[in-house]
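Undergrad: If you read the sequences in order, they're chains A and B.
Going by the numbering used here, 56 is the number at position 56 of the first sequence; the sequence numbering is gapless.
Heads up: take any position in the second sequence, counting from 1, add 279, and you land on the numbering used here.
Check the hints yourself; a few may be wrong.
Said to hold, decoys possible - Per the computed footprint, the stretches of chain A lying under chain B, defined by three or more beta-carbons under 8 Å from a beta-carbon of chain B, are:
| no. | stretch |
| --- | --- |
| 1 | 95-102 |
| 2 | 171-180 |
| 3 | 183-191 |
What the hints assert, rightly or not - Derived DSS-like pairs: lysine-lysine, alpha-carbon spacing no greater than 27 Å straight-line:
| no. | chain 1 | residue 1 | chain 2 | residue 2 |
| --- | --- | --- | --- | --- |
| 4 | A | LYS34 | A | LYS124 |
| 5 | B | LYS363 | A | LYS170 |
| 6 | A | LYS187 | B | LYS363 |
| 7 | B | LYS363 | A | LYS137 |
| 8 | B | LYS363 | A | LYS207 |
| 9 | A | LYS143 | A | LYS207 |
Bear in mind the hints are in silico, worked out from the structure with no lab data behind them.
Even for Gly, the Cβ is constructed at its ideal location relative to N, Cα and C.
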Amino acid sequence: MTLPRLLARTALATLALAAGLGAASAQALPPLPKAIQAAGLLRAGVRCDQPPYGYKDESGNFAGIETEMAIQIAAWAFGSPDRIELTCVTAENRIPQLMGRKVDILLATLGVTPERARVIDFSKPYRWGGSDMLVPKDSPIKKLDDVAGKTVVMLKGSTQAKWFEDTMPKVETLRLNTASDALQALKQGRGDAYTHDAATLVVVAAKDPSLRLVGESFAVTDAAAGLRKNDPEWMAYVDAALARMKAEGLYAKWVDKWVPADLRPFYAEAFTTAKPTAR
Amino acid sequence: MEFDLAYLMAQGPALMRGLWLTIQVSLLSIVLSVGVGLLGAAVRVLEVPVLDRVVRAYVEFIRNTPMLAQLFFIFYGLPGIGLKLSLFWSGVLCLTLWAGAYQIENLRGGLATVGKGLREASYALGLTPWRFFHLVAAPLAIRVALPAMLNTAISLLKNSSYLQAIGLAELTYVAIDRISMDFRTIEMFAAICVIYLALVLVLSFLASRLEFRLNAPFRH
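Just need the whole structure built from these sequences, with the hints factored in.
TA: Have a look at this one:
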């Protein structure tokens with residue numbers, strides 16, 4: 001079975017289930033805003049290089065948990081999981097894409113920060129995410145403070161870029177555009193460490209025995225859907241949809257679907273437990 | 280969102296640092312690429328065996344592949360075969376190779392206007408091919424090629440903005456980096472467009488001065 005068909009079928013099955021449950025538990029969603037209704041489909045921005053949240057699988061199809069969330073919202077809003085237009089967004093272009101009306105919602109590993117809240121609105125958080133660092137296996141870097149005086153690779157516009165600028169401004173940074181660029185730069189020794197969302201690095205470290213995680217969590221933020229400012233109707237709809245996903249246990253199902261068994265507890269925690277404290 | 284001039288002023292120092300790097304990397308690459316152009320054009324015009332084919336292949340390769348692909352090849356590809364250049368020198372190498380290919384063609388076009396008679400006359404006077412090239416042909420050819428060479432130099436300056444992709448903190452990098460943190464898209468892109476425009480105008484002015492100087496023998 002091809003992936004789109006698989007996705008469609010899963011979504012349909014979910015829909016049927018949801019219809020049944022909906023009647024019972026009265027999880028009715030608020031009315032869809034007129035503008036979205038008129039568009040006839042959901043235009044969502046998702047990541048394409050951040051497994052397991054948003055990525056392209058081997059055959060180039062959209063995949064991942066946040067992609068699944070976007071498809072689910074389309075299914076609820078329009079009665080069909082096909083009524084969706086997915087766009088790949090990057091850390092540095094996702095907010096401009098939203099503000100430029102290329103997409104109507106971001107489900108794109110978007111951390112809640114005050115700088116971003118100035119220009120866009122956030123839904124209620126649906127998970128949290130911390131940051132970590134990836135270093136070569138034999139690196140002397142054992143904890144966060146060990147990067148003082150070294151070069152750290154990161155993505156332009158990432159939570160980590162902001163965090164290092166505010167918290168450790170003396171650290172030399174190399175800011176690239178995509179996660180694959182950053183990983184390559186680390187492997188070629190252009191930086192001493194590569195910092196990103198822990199969720200992303202866990203997958204990379206599991207696959208690549210020449211690298212290891214530093215394991216000190218920092219810059220923990222809530223992840224939420226991003227919407228343009230001042231659209232209370234759409235916000236109410238998205239918040240209700242996210243609450244319904246949680247109530248129906250969809251996150252756990254999607255973690256099972258998109259995360260290899262040995263990494264599942266890490267991701268399940270991010271969706272179900274409270275945000276831990278770290279610097 | 281309204282245009283926020285105060286924000287732009289606050290970003291001034293960061294933009295100036297980016298501008299300085301853009302100027303350094305561009306000027307160095309312009310000078311080096313003219314050198315590459317002169318050498319390559321000499322090889323082509325003097326029909327040096329073997330090298331002539333190498334230069335031809337180089338020009339075709341550079342002209343027919345995207346510069347961004349060349350840049351990624353230099354930055355991410357070359358370390359695989361043991362050549363790891365710093366960010367700065369990766370940028371200079373990429374821009375020099377790119378513009379060098381065009382300068383070869385520009386100068387070759389200029390050299391085509393140097394008649395066969397001049398070459399025969401020079402050889403008859405006992406000039407070696409190399410002396411003919413740098414004493415007779417090159418000075419004449421550069422006058423003709425100068426407008427095209429300026430075009431290439433301007434393109435080089437603008438193409439230096441590609442270097443943001445490898446993380447070199449030049450002008451465009453600074454703008455994109457700040458936008459991705461502060462989301463002041465209009466202010467930042469407007470600012471760097473004005474700065475690039477000013478840079479190109481200065482470059483054009485310098486080139487027109489040079490053209491004036493070079494044409495001194497033909498003025499009355």
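Undergrad: Are three or more residues of the stretch 183-191 of chain A within 8 Å, CB to CB, of chain B?
TA: holds (count 5)
Undergrad: With a cut-off of 8 Å between beta carbons, are at least three residues of the stretch 171-180 of chain A near chain B?
TA: holds (count 4)
Undergrad: With a cut-off of 27 Å on the C-alpha distance, tell me whether LYS363/B and LYS170/A pass.
TA: holds (25 Å)
Undergrad: Hey, LYS34/A versus LYS124/A, does the alpha-carbon distance stay inside 27 Å?
TA: Answer holds: LYS34/A to LYS124/A is near 22 Å, not above 27 Å.
Undergrad: Just to be careful, I want the Cα atoms of LYS363/B and LYS207/A compared with a cutoff of 27 Å; is the pair within it?
TA: holds (25 Å)
Undergrad: Would the hint linking LYS363/B and LYS137/A be met if the CA-CA limit is 27 Å?
TA: Roughly 21 Å separates the two Cα atoms, so the pair holds.
Undergrad: Tell me if chain B covers the stretch 95-102 of chain A under the three-residue, 8 Å CB rule, please?
TA: holds (count 3)
Undergrad: Could you grab the alpha-carbon distance between LYS187/A and LYS363/B and see if it respects the 27 Å cut-off?
TA: holds (12 Å)
Undergrad: Sort out whether LYS207/A lies within 27 Å of LYS143/A, counting only the CA atoms.
TA: holds (22 Å)
Hint compliance for this structure: no hint is broken.
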